[in-house]
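Asks: From just these sequences and the hints, can you work out the full model?
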Amino acid sequence: MSKYTEDDLKKELETKEYEYGFYTDIESDKFPIGLNEEVVRAISKKKNEPEWMTEWRLESFRIWQSMTEPDWANVTYQKPDFQNISYYAAPKKKPELESLDQVDPELLKTFDKLGISIDEQKRLSGVAVDIVMDSVSVATTFKKTLEEKGIIFCPISEAIQKHPELVKKYIGSVVPQTDNFYAALNSAVFSDGSFCYIPKGVKCPMELSTYFRINEGGTGQFERTLVIADKGSYVSYLEGCTAPQRDENQLHAAVVELIALDDAEIKYSTVQNWFPGDKNGKGGVFNFVTKRGLCETNAKISWTQVETGSAITWKYPSCVLKGDNSIGEFFSVAVTNNHQQADTGTKMVHLGKNTKSTIISKGISAGKSQNSYRGLVQIHARADNARNFSQCDSLLMGNDCGAHTFPYIEAKNKTAKIEHEATTSKIGEDQLFYCNQRGIDMDKAIALIVNGFSKEVLNKLPMEFAVEAQKLLEISLEGSVG
Amino acid sequence: MSLTEHLTAAFLAFENKFSAEHNEKVNEIRSNAFTHFEKMGFPSKKDEEWKYTSLKSLLKHDFKVFPKVQNTTEFKEVKKYFLHEIDTYKIVFIDGVYSSFLSETTHDGFDICLLSAALAKPKYKMVIDHYFNKIAKKEDSITSLNTAFSKEGAYINIPKNTVVPKPVQILHFTTGTVSEVLTQPRNLIVVGENAHVQIVERHQSLTDNVVLTNSVTEIFANKRSIIDYYKIQNDLKSASIIDNTYIKQAQQSVASVNTFSFGGNLTRNNLEFYHEGEYITSNLNGITIIKDKQLVDNHTLVNHKFPNCESHELYKGIYFDASTGVFNGKVIVEKEAQKTNAFQQNDSILIDDKASVNSKPQLEIFADDVKCSHGCTIGQLDEDALFYMRSRGIPKKEAKALLLYAFANDALEKIKIPELKTRITKIISNKLDVNLGFDI
Numbered sequence: 001m002s003k004y005t006e007d008d009l010k011k012e013l014e015t016k017e018y019e020y021g022f023y024t025d026i027e028s029d030k031f032p033i034g035l036n037e038e039v040v041r042a043i044s045k046k047k048n049e050p051e052w053m054t055e056w057r058l059e060s061f062r063i064w065q066s067m068t069e070p071d072w073a074n075v076t077y078q079k080p081d082f083q084n085i086s087y088y089a090a091p092k093k094k095p096e097l098e099s100l101d102q103v104d105p106e107l108l109k110t111f112d113k114l115g116i117s118i119d120e121q122k123r124l125s126g127v128a129v130d131i132v133m134d135s136v137s138v139a140t141t142f143k144k145t146l147e148e149k150g151i152i153f154c155p156i157s158e159a160i161q162k163h164p165e166l167v168k169k170y171i172g173s174v175v176p177q178t179d180n181f182y183a184a185l186n187s188a189v190f191s192d193g194s195f196c197y198i199p200k201g202v203k204c205p206m207e208l209s210t211y212f213r214i215n216e217g218g219t220g221q222f223e224r225t226l227v228i229a230d231k232g233s234y235v236s237y238l239e240g241c242t243a244p245q246r247d248e249n250q251l252h253a254a255v256v257e258l259i260a261l262d263d264a265e266i267k268y269s270t271v272q273n274w275f276p277g278d279k280n281g282k283g284g285v286f287n288f289v290t291k292r293g294l295c296e297t298n299a300k301i302s303w304t305q306v307e308t309g310s311a312i313t314w315k316y317p318s319c320v321l322k323g324d325n326s327i328g329e330f331f332s333v334a335v336t337n338n339h340q341q342a343d344t345g346t347k348m349v350h351l352g353k354n355t356k357s358t359i360i361s362k363g364i365s366a367g368k369s370q371n372s373y374r375g376l377v378q379i380h381a382r383a384d385n386a387r388n389f390s391q392c393d394s395l396l397m398g399n400d401c402g403a404h405t406f407p408y409i410e411a412k413n414k415t416a417k418i419e420h421e422a423t424t425s426k427i428g429e430d431q432l433f434y435c436n437q438r439g440i441d442m443d444k445a446i447a448l449i450v451n452g453f454s455k456e457v458l459n460k461l462p463m464e465f466a467v468e469a470q471k472l473l474e475i476s477l478e479g480s481v482g
Numbered sequence: 001m002s003l004t005e006h007l008t009a010a011f012l013a014f015e016n017k018f019s020a021e022h023n024e025k026v027n028e029i030r031s032n033a034f035t036h037f038e039k040m041g042f043p044s045k046k047d048e049e050w051k052y053t054s055l056k057s058l059l060k061h062d063f064k065v066f067p068k069v070q071n072t073t074e075f076k077e078v079k080k081y082f083l084h085e086i087d088t089y090k091i092v093f094i095d096g097v098y099s100s101f102l103s104e105t106t107h108d109g110f111d112i113c114l115l116s117a118a119l120a121k122p123k124y125k126m127v128i129d130h131y132f133n134k135i136a137k138k139e140d141s142i143t144s145l146n147t148a149f150s151k152e153g154a155y156i157n158i159p160k161n162t163v164v165p166k167p168v169q170i171l172h173f174t175t176g177t178v179s180e181v182l183t184q185p186r187n188l189i190v191v192g193e194n195a196h197v198q199i200v201e202r203h204q205s206l207t208d209n210v211v212l213t214n215s216v217t218e219i220f221a222n223k224r225s226i227i228d229y230y231k232i233q234n235d236l237k238s239a240s241i242i243d244n245t246y247i248k249q250a251q252q253s254v255a256s257v258n259t260f261s262f263g264g265n266l267t268r269n270n271l272e273f274y275h276e277g278e279y280i281t282s283n284l285n286g287i288t289i290i291k292d293k294q295l296v297d298n299h300t301l302v303n304h305k306f307p308n309c310e311s312h313e314l315y316k317g318i319y320f321d322a323s324t325g326v327f328n329g330k331v332i333v334e335k336e337a338q339k340t341n342a343f344q345q346n347d348s349i350l351i352d353d354k355a356s357v358n359s360k361p362q363l364e365i366f367a368d369d370v371k372c373s374h375g376c377t378i379g380q381l382d383e384d385a386l387f388y389m390r391s392r393g394i395p396k397k398e399a400k401a402l403l404l405y406a407f408a409n410d411a412l413e414k415i416k417i418p419e420l421k422t423r424i425t426k427i428i429s430n431k432l433d434v435n436l437g438f439d440i
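Residue numbers (the UniProt record's numbering), protein chains in the order written: chain A, 1 to 482; chain B, 1 to 440.
Please keep in mind that the hints were generated in silico from the structure rather than gathered at the bench.
From a predicted model like this one, the values you see are computed outputs, not experimental measurements.
It is possible that some hints are incorrect.
Unchecked claim - Derived BS3-like pairs: lysine-lysine, alpha-carbon spacing no greater than 25 angstroms straight-line:
1) A:LYS347 - B:LYS354
2) B:LYS330 - A:LYS347
3) B:LYS330 - A:LYS426
4) A:LYS368 - B:LYS339
5) B:LYS305 - A:LYS368
6) B:LYS76 - B:LYS237
7) A:LYS426 - B:LYS339
8) B:LYS431 - A:LYS417
9) B:LYS293 - A:LYS417
10) B:LYS354 - A:LYS356
11) A:LYS347 - B:LYS51
12) A:LYS471 - A:LYS368
13) B:LYS330 - A:LYS368
14) A:LYS79 - B:LYS46
15) A:LYS426 - B:LYS371
16) B:LYS51 - A:LYS417
17) B:LYS371 - B:LYS414
18) B:LYS123 - B:LYS51
19) B:LYS330 - A:LYS417
20) A:LYS455 - B:LYS371
21) B:LYS354 - A:LYS417
22) B:LYS134 - B:LYS25
23) A:LYS353 - B:LYS354
24) A:LYS368 - B:LYS335
25) A:LYS417 - B:LYS397
26) A:LYS417 - B:LYS123
27) B:LYS371 - A:LYS368
Replies: The structure is reproduced here in structure tokens:
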């Protein structure tokens, strides 16, 4: 990535309206709206899935029907009408791709606008991209390099065909169908997603990444991601989201499951930038995500997220520290502006001995937004010598926003050591003044201070993401302090 | 007959009796409160505020709401529960009924007397109408239950510019020789402008029968007043208490509530502060040391509504055996409450394997120019410090006790009545089963 200068920012700020808000004109293969067993069967059939998968979906659907939408989160919104959503959309032209030339030129343009030129990434950064465009993967790169190492990185629909034993064994093992309302819904209707398997002792040579896009208006996006790191392996996984500008609310209910077997390590980074709605809070994406990882002995899972988008965010990447000596980490920056509402945090469930977890959460609220941290640290009776450190800091800008913390801390073992800290503050006037008198204008000064505030987390992101994330923070907060 | 049915019957009988009293308004408040309680019932674990504390085992007892009273308790039997080293005003209740024999009340310059008298006599009508049931949370079913049966308790009214020369003790004894008893004391405390009062409250069961106390206290701190409130909870294992304290503060007032929970089967403290003016200070301190299967649940709320106010919250807990501690501290800073300083700290030490702690320090902030923080730690004694002391010849038990005492000391230092401090220190060394070897 080229260097990002002040001028670049200025240019961007001039067009700071949601810059990724465009709409690609690709004919979609779309289901009629509504959800019933027939639709679930149809999705499964469309994907040419084996019998067990269809059954699994139907079971999830029945569970979902018996559940009610949760309302404990600190957010208010018009509940989506689940019968008024189309549950499947796939670009009609699905070419078998060997090289980029075969990709629909419309699609390539879209990616260019998003700044993820595939060929450039192919050549320069060594990132393999599995692009999910409206639920169906259309291009997979670097597959061969990965294949040599025995790494499987493909759309989950393909994995169901080619590696049913792995999918069957692990799907729903960390996030069961009964987990929550949205997880059950996702299990029933998930359209596609990514599947990743790292064999024993393999260190994945490159960062795996998937770009998600919601494209078709009125289409719910139900992604399913399954990452399995076998014994002693390592993988760093990147997920980035952008969505076109829409007026009606779009529902996004993804499920991500990570499984780190003995001595394995998974690093999962997300930059989330769904359309947050316009200045008056109209439109915007509803993001109800269930993300959870399971750590076996000596395993490590690290979640890093930068949340700048979505009208509603409802997301708790969690770690179940099942094995002894396992480690869970959570680093998060959540920015809310205008009418955005975010209720995000993590759960660290300590089951094994000598387990460790770290939580660093930075919330920045501006405009009329509400930003909540909700976290759970649970030390079970058998988790001797468990250790947790949590820190959640909030930064408030302006007087119409809110910052909230809801930490739950439950210790059932006497050897547990838990520390929790939370602070709330605003950008000091003296800090701004200092910057101003050194010739740094207001917006740049705020960007500077916010970046400093979130540095601890941004540092955890892989290089390319860190730059992008920094840009996002600046753009999301432009003009929030006058 | 379930407890709720039992309570309904008791309320009907009670209603017939009190309808003869003058104050129509109070009667209305009571019946409304009972209707609300009937609608809500007792809270269950599904209730977010009662997530970690179950009343289930407690509610299956067949409590007598109005036990037959034999006022035969001698002073020497209960002397040890009094802060008898110093001169104090005393308001003493036995099984919910006022004991004039043990009490020392006054109307000289200020009122330290009974709520029943204040409710009945016309001369207090204005005060009652103005303050009674004004801040007790009407949505809360347990508080409503108390309101429905509210009849007896302490009534303290300190007029403007008055400093009460000696502390006030409010003592509740439960004798319950015959059966299980439910008492519902109701206190009303009004502190006038520039006035100052210190109050010590204690509930003590004298019986092995199961006792449940559902107490509600309303405190109004007017402009620039100072109130220090101490709660001693060191009851028998058969006794449980749900204590609801609501405090409304006017500008520049300072209110401190210190809660010392050392015993009882189940102890639940709901402590809520509401601000009605600028430059208010609220202090909340607590020490919890419990054993066996005891449970102490501290729920606090500080609602910052006005600018330039402060709140300081410090809760320390030491948990032995299979005891459980719950802490839920909520701080709300509303939009107008700029320049607020709100600090909250909850530290716990787990001593034994089966002890557990559930902590939920919660901040809800809507104003930007504020300094708010909360901290929560759960840990053990420092092995190095223990080793150091033992290498200097201090036995393990004493060394441990010294460290635990030091841990609790931060909250202990806030006690402003020296005799009370000594008393609490004694209770602590008793709980830790050592002689700390120094008198403080």
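Asks: Hint by hint, note whether the structure agrees.
Replies: Here is what the structure says about each hint:
Between LYS347 (chain A) and LYS354 (chain B) the alpha-carbon distance is near 22 angstroms, which keeps this suggested pair within the 25 angstroms criterion. At roughly 20 angstroms between alpha-carbon atoms, LYS330 (chain B) and LYS347 (chain A) fall within 25 angstroms of each other, so this suggested pair holds. The hinted pair formed by LYS330 (chain B) and LYS426 (chain A) meets the criterion: a straight-line CA distance of about 20 angstroms does not exceed 25 angstroms. Restraint check for LYS368 (chain A) and LYS339 (chain B): the C-alpha separation of about 20 angstroms stays at or below 25 angstroms, so the hint holds.
Taking the CA atoms of LYS305 (chain B) and LYS368 (chain A), the gap is near 19 angstroms; set against the 25 angstroms cutoff, the hint holds. Note on LYS76 (chain B) and LYS237 (chain B): the hinted pairing holds, with a Cα-Cα distance of about 22 angstroms set against a maximum of 25 angstroms. Between LYS426 (chain A) and LYS339 (chain B), the direct Cα distance comes to roughly 11 angstroms. Compliance with the 25 angstroms bound is thereby established for this hinted pair. Proximity of LYS431 (chain B) to LYS417 (chain A) is assessed by CA-CA distance (about 24 angstroms); at most 25 angstroms being required, the pair is judged to hold.
Using a Cα cut-off of 25 angstroms, the hinted pair LYS293 (chain B) and LYS417 (chain A) holds, with the two alpha carbons roughly 22 angstroms apart. For the given pair, LYS354 (chain B) sits about 21 angstroms from LYS356 (chain A) by alpha-carbon distance, which is consistent with the 25 angstroms threshold. Straight-line distance between C-alpha atoms of LYS347 (chain A) and LYS51 (chain B) comes to about 17 angstroms, which keeps the hinted pair within the 25 angstroms bound. A hinted pair counts as satisfied when its Cα atoms are at most 25 angstroms apart, and LYS471 (chain A) with LYS368 (chain A) qualifies at roughly 22 angstroms.
For the hint pairing LYS330 (chain B) with LYS368 (chain A), the CA-to-CA distance comes to about 22 angstroms; that is within 25 angstroms, so the pair holds. Restraint check: the Cα-Cα separation between LYS79 (chain A) and LYS46 (chain B) comes to about 23 angstroms, which is no more than 25 angstroms; the hinted pair holds. At roughly 9 angstroms between alpha-carbon atoms, LYS426 (chain A) and LYS371 (chain B) fall within 25 angstroms of each other, so this suggested pair holds. Distance hint between LYS51 (chain B) and LYS417 (chain A) is fulfilled; the C-alpha atoms sit about 23 angstroms from each other, no more than 25 angstroms.
Straight-line distance between C-alpha atoms of LYS371 (chain B) and LYS414 (chain B) comes to about 22 angstroms, which keeps the hinted pair within the 25 angstroms bound. Taking the CA atoms of LYS123 (chain B) and LYS51 (chain B), the gap is about 44 angstroms. The hint is violated against a cut of 25 angstroms. Proposed proximity of LYS330 (chain B) and LYS417 (chain A) is supported: the alpha carbons are some 23 angstroms apart, at most 25 angstroms. The suggested pairing of LYS455 (chain A) with LYS371 (chain B) holds, with an alpha-carbon distance near 21 angstroms, which does not exceed 25 angstroms.
For the given pair, LYS354 (chain B) sits about 15 angstroms from LYS417 (chain A) by alpha-carbon distance, which is consistent with the 25 angstroms threshold. A distance of roughly 12 angstroms separates the Cα atoms of LYS134 (chain B) and LYS25 (chain B); the hinted pair therefore holds under the 25 angstroms criterion. At roughly 16 angstroms between alpha-carbon atoms, LYS353 (chain A) and LYS354 (chain B) fall within 25 angstroms of each other, so this suggested pair holds. Distance check on the hinted pair: LYS368 (chain A) and LYS335 (chain B) sit about 12 angstroms apart at the alpha-carbon level, within 25 angstroms; holds.
For a cut-off of 25 angstroms, the pair hint linking LYS417 (chain A) to LYS397 (chain B) stands: about 22 angstroms separates their Cα positions. The straight-line distance between the Cα atoms of LYS417 (chain A) and LYS123 (chain B) is roughly 58 angstroms, outside the 25 angstroms bound, and the hint therefore fails. With a C-alpha separation of about 20 angstroms, the suggested pair LYS371 (chain B) and LYS368 (chain A) falls inside the 25 angstroms cut-off, and the hint holds.
Checked against the numbered hints given earlier, the structure breaks hints 18, 26 and satisfies all the rest.
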